[in-house]
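Listed in order, the protein sequences are those of chains A and B.
Heads up, the first sequence is in the numbering used here, so the first residue is 1 and it goes up one at a time.
Heads up, the second sequence is in the numbering used here, so the first residue is 1 and it goes up one at a time.
These are computed hints drawn from the structure, not numbers from a lab.
In this text, all values refer to a predicted model and were calculated from it rather than measured experimentally.
Yeah, the Cβ is synthetic: ideal placement off N, Cα and C, and Gly gets one too.
Some hints here could point you the wrong way.
[What the hints assert, rightly or not] Footprint (simulated), chain B over chain A, 3 or more residues, beta carbon under 8 Å:
# : stretch
1 : 10-22
2 : 90-97
3 : 238-245
[Claimed, not checked] FRET-style restraints, in silico, Cβ to Cβ:
# : chain 1 : residue 1 : chain 2 : residue 2 : range
4 : A       : Arg254    : B       : Pro186    : 39 to 47 Å
5 : B       : Lys148    : A       : Thr200    : 52 to 60 Å
6 : B       : Gln301    : A       : Arg254    : 48 to 56 Å
7 : A       : Phe68     : B       : Asn59     : 31 to 39 Å
8 : B       : Glu315    : A       : Tyr22     : 36 to 44 Å
[Claimed, not checked] Sample of chain B residues with no beta-carbon within 12 Å of chain A, all distances over it, derived:
#  : residue
9  : Pro15
10 : Gly60
11 : Ala78
12 : Pro87
13 : Arg95
14 : Pro104
15 : Asp124
16 : Asp215
17 : Lys230
18 : Arg268
19 : Pro278
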Amino acid sequence: MKRVGVVALNTFHEAVRDRVLYNLLFFALVMMVASIIAGQISIGIEETVMATLGLSAISLIGLLIAIFIGVGLVSKEMDKRTLYALLAKPVRRWEFLLGKFGGLILTLAVNTAAMGMGLFLALVYVKPTLERGDVTVFVAVYFIWLKLALVVALALLFSCFTTPLLAILFTAGIYIAGLYVQELRDLPVQVMSPGMTVFTKWLSYLLPNFENFNIMAQAAHSRPVPGAFILQNTLYAAVYCAIVLTAAILVFSRRNLK
Amino acid sequence: MTVECFLKKNVDMTPPAIETENLTKVYPHGFLNLKKRTSLEGLNMQVEEGEIFGFIGPNGAGKSTTIKLLMSLIFPTAGSARILGKPISDIEMHRDIGYLPEQPYFYDYLTATELLDYFARIHDLKAADRKERVPQMLKKVGLETAGKIQLRKYSKGMLQRVGMAQAILHDPKLVILDEPMSGLDPVGRREVRDMILELKRDGKTVMFSTHILGDAEMLCDRVGVIVGGKLRGVGAPEQLVDMKAQGMEILFELAGQSTAPLLAKATRTGDRYRLQVPEQDLYGAIEQLRAAGARILSVSQVRATLEEFFMGLVEADRAQAAAVEVSEK
Chain A
1 MKRVGVVALN
11 TFHEAVRDRV
21 LYNLLFFALV
31 MMVASIIAGQ
41 ISIGIEETVM
51 ATLGLSAISL
61 IGLLIAIFIG
71 VGLVSKEMDK
81 RTLYALLAKP
91 VRRWEFLLGK
101 FGGLILTLAV
111 NTAAMGMGLF
121 LALVYVKPTL
131 ERGDVTVFVA
141 VYFIWLKLAL
151 VVALALLFSC
161 FTTPLLAILF
171 TAGIYIAGLY
181 VQELRDLPVQ
191 VMSPGMTVFT
201 KWLSYLLPNF
211 ENFNIMAQAA
221 HSRPVPGAFI
231 LQNTLYAAVY
241 CAIVLTAAIL
251 VFSRRNLK
Chain B
1 MTVECFLKKN
11 VDMTPPAIET
21 ENLTKVYPHG
31 FLNLKKRTSL
41 EGLNMQVEEG
51 EIFGFIGPNG
61 AGKSTTIKLL
71 MSLIFPTAGS
81 ARILGKPISD
91 IEMHRDIGYL
101 PEQPYFYDYL
111 TATELLDYFA
121 RIHDLKAADR
131 KERVPQMLKK
141 VGLETAGKIQ
151 LRKYSKGMLQ
161 RVGMAQAILH
171 DPKLVILDEP
181 MSGLDPVGRR
191 EVRDMILELK
201 RDGKTVMFST
211 HILGDAEMLC
221 DRVGVIVGGK
231 LRGVGAPEQL
241 VDMKAQGMEI
251 LFELAGQSTA
261 PLLAKATRTG
271 DRYRLQVPEQ
281 DLYGAIEQLR
291 AAGARILSVS
301 QVRATLEEFF
311 MGLVEADRAQ
321 AAAVEVSEK
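Chain B extracted, bound-state conformation (with noise of 0.2 Å):
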């Protein structure tokens, strides 16, 4: 075996930092729980080492039971999970995780030092380590002149912030974060993904849920997206929506009036316009145009975006949904 074939086989062995295999949850409810709501079914996902995994899907699509799954806060009714190479069971890989809650809670009573010294302590760290982290992370979230106010004077962002710095204080492997963004102003958002795309550059895993897609395409590696409790697509978001062009876009200025026909496909703003052609008109359009006295100003390719697929398969779902229901009718 050569050097090389050895390494690429030890490299390859390296578990993935998420694996999920036919991870199921079931909820029973109604009168004597004789009901069952699936939440989430079949799950088979993996997240590699080192990239940024988007959980993207609706309210309810079963991305919080994942991530719950994951944590064991539930259990699964069937499957398994694997987290950096060890059963979901396994609490002592804790340590190597970072969580961050959905609209996060900590006890109020507490003051944000107080509170990251005793997850600090949670996770074994020294006396000394925790003086130095502490204030670290609070920097780090933008907290550091609130560090002594009781938690329970915190608006929504400043509770999403120590979670963010509650996650990531003991320097994990893996942060899993459930709707990082959610309550954040812009510059908290900002600030989020710079974090975010900071704990990939110091060679952390990070998966986060979203429901806001313009974040999963600006940040992620790969995103999954759930619908209806099911895994609909997972790979990079430009695989996902297709890199192929749908068309080109001519972007143009015109002062005065013209009669040429493609004007009548173009959408006006003021004295610019925009027009979608095929790719193989695009030379024969730019002609007539400048023909026509317009001014171009630029010439995209039009993309499908991950919001449109992402819609595409909300509503697939639904209307599958509809068709079950009036046969169960």
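So here's chain A without its partners, still in its complex pose (with noise of 0.2 Å):
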């Protein structure tokens, strides 16, 4: 396990290298235009606005790096050969894909809970008096990192045994469809036949159910989120991450390098 630890601050130094926390600065930039439009366009729901805009900023920014990073975490270092002289050494293939996965996860944790601050601070700016509800703004973050390690997990998964590009689409095609589990749990069972029925409701089990992870409209109103669902979801990410990561480490320990 400690080589996954290294494995993991390469690939987190590797990002601070490549200056993917720059976008952080880009953040910062929507946050101040939000501020302005929110004082100018919204009386008395500049918060609502501000928190609703942040919190999108954040899961969209994060989106962007979990797929586009997440896909180049193993092919790029399979085109560009660099993992040849690293699995020369005692480095088992699982150490390596679980190190990828621990570096760009926390580097996407630095970069939510920076984003975070920054909202809070935000909102501390345009509120005149803060609430206890105020803090569920932090539990939003928390569970948009939550979603992007789901989202890591699958671009990883997917970057093992197909191209860069096909796995994009396919990690952004099952985060869309993430996005609509509960319509298709709630498809109406009279219109579809009985295979029909079984096949959306596998499907809608089978799919990571990302709509689970949007409480931006609690975080927005303030209003505060029960331990319960946030234990719920925590666990609900790690079984799924867990499941997919043992799905990609089957498939790369069996690949041939090229």
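Put the two chains together into one complex; each comes in its own frame, and the hints tell you how they fit.
In structure tokens form, the structure reads like this:
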């Protein structure tokens, strides 16, 4: 496990050197513009607009990083053949994969935490008094991070057996489909054949339910989130990530490098 | 059992550094991967402990495929291999192996010092050892002043040197180098050659692939010649090309004209001539030349070179491939 940590730290190092965290400047710019606009167009609901805009920006920026860098975690190493020297050391392929995964979710943790803090400070700035429910914004940021961890795991899995372009398309496709899991479960059974009913039911449980992680409305209205819900989402993300990463390890362990 | 017998038995039981048995790699290709291309066919080979073994062959012969199989970067279609007595699937055994990939490329956002430190951490070297070992290795490969420069600013030759440094960083028992002289200038090649010889002096086993036959002839205790995915010969370079002299060459000087019949067979460069004669005719030829007023400068044996042996195999392989193609048509 020590080697997983070494690979993870190097992956984080790479993200920092490749200026991935520069997106924070972009986010700061978004927040500045948002606070100006919110102040002008919305009377009394500045913090709602700010929270919604801020959390959407955190989610979008994180998604772009998770998908594009997540897909490149393995494929870039194979294309550039940087992997050869590493796998010739006493590093098992699963240690490499978990290290890469750990490194990117660490990068995303730093990134989302910094943006979350920026958003909170912006909310404090526009809001006259603080309430207990205002910390929900941190829970929302945590849920975004959980969602991003899941997206990274999927990107990693697809990049283990297909081209980077297809891996991006598959990951983005699953993400979009995962936003509509509840709709899939709510499809009227009466209008579908029995086979289709079973298929949609299984599909809805197979797809990651990304809507689970969306508590933007609660955060915007400073509504507290129950602890059981936080625990449930954490376990859901952990179990789903474990399953996807196991699949990725199984595929990658049998893969011939070029 | 006498002590000598006991020792001999136990010495003989030392496993070879590398041992392959019917090692085969077939790649599927084409539409739906229905076609097969054999990159390596039934490789049976041993590299003994402490020797320098050269793996030579033209481009695409299967040298890199063999090395990648040994390093578990790709997996065999059939057969097996053992390194230092352990199966190649045992990744822990990589602690005792140093590997330089062909045309190495490393994380270019790191400096050479950071890269070596990273690999040293992977090898579980303690902080104090890393602090001592990393600058030592950089010095060894002549990069002591470039250690703090990012690898993206390195030339191909410098990357090759970093590659050598990371391969021997953890003091491995066996060093496998894939085309270590590739991309190096004559000075760099000389340094790598010296490094390989130094590794042997330190008791390491070195296996390296190359298509530069002069390097192999100069360095190797034994070579394996691979052509078209098949091993065509293994042995000491001089055994492979047959030590027996193919004839004698006389180098002589001759000022002015002469009508000696032997001169017609000689090759002239200025006032100097080279003449090849069968070994049994040597003394007669020398007498004739002296009688014609020639000054004998040297007499040497003519032997086949590794290159001639190698080219013979390559040409035979090409002829065979062409014949198969014609028969398939």
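Checked hints:
1. Requiring three or more residues with a Cβ within less than 8 Å of a Cβ of chain B, the coverage given for the stretch 10-22 of chain A holds, as 5 such residues are present.
2. For the stretch 90-97 of chain A, the stated coverage by chain B holds: 3 residues have a C-beta nearer than 8 Å to a C-beta of that chain, and at least 3 were required.
3. Residues of the stretch 238-245 of chain A with a Cβ under 8 Å from some Cβ of chain B number 0, which does not satisfy the need for three, so the listed coverage is violated.
4. The hinted range of 39 to 47 Å is satisfied by Arg254/A and Pro186/B, whose Cβ atoms lie roughly 43 Å apart.
5. Range check, Lys148/B to Thr200/A: about 59 Å between beta-carbon atoms, so the 52 to 60 Å window is met.
6. Against the hinted window of 48 to 56 Å, the Cβ-Cβ separation of Gln301/B and Arg254/A comes to about 54 Å, which satisfies the hint.
7. A hinted range of 31 to 39 Å holds for the C-beta pair Phe68/A and Asn59/B, which are about 35 Å apart.
8. Our hint of 36 to 44 Å for Glu315/B and Tyr22/A is violated, since their Cβ atoms are close to 58 Å apart.
9. With a closest Cβ-Cβ approach of about 19 Å to chain A, Pro15/B is found to remain outside the 12 Å limit, as its non-interface label requires.
10. Non-interface call for Gly60/B relative to chain A: holds, since the shortest CB-CB distance, roughly 14 Å, exceeds 12 Å.
11. Listed as a non-interface residue, Ala78/B keeps its Cβ farther than 12 Å from every Cβ of chain A; the least gap is roughly 14 Å.
12. The claim that Pro87/B is not at the interface with chain A holds, since no C-beta of that chain comes within 12 Å of its own (minimum 15 Å).
13. Taking the minimum C-beta to C-beta distance to chain A, about 5 Å, the non-interface status of Arg95/B is violated against the 12 Å cut.
14. At roughly 6 Å from the closest C-beta of chain A, the C-beta of Pro104/B falls inside 12 Å, breaking its exclusion from the interface.
15. Taking the minimum C-beta to C-beta distance to chain A, about 7 Å, the non-interface status of Asp124/B is violated against the 12 Å cut.
16. The beta carbon of Asp215/B sits about 22 Å from the closest Cβ of chain A, which is more than 12 Å, so the claim that it is off the interface holds.
17. Chain A leaves Lys230/B outside its interface by the beta-carbon criterion, the shortest separation being 21 Å against a cut-off of 12 Å.
18. Remark: the non-interface label on Arg268/B is consistent with the geometry, its nearest Cβ contact in chain A lying 52 Å away (cut-off 12 Å).
19. For Pro278/B, the shortest C-beta to C-beta distance to chain A comes to about 51 Å, beyond the 12 Å cut-off, and the non-interface label holds.
The structure shown violates the earlier hints numbered 3, 8, 13, 14, 15.
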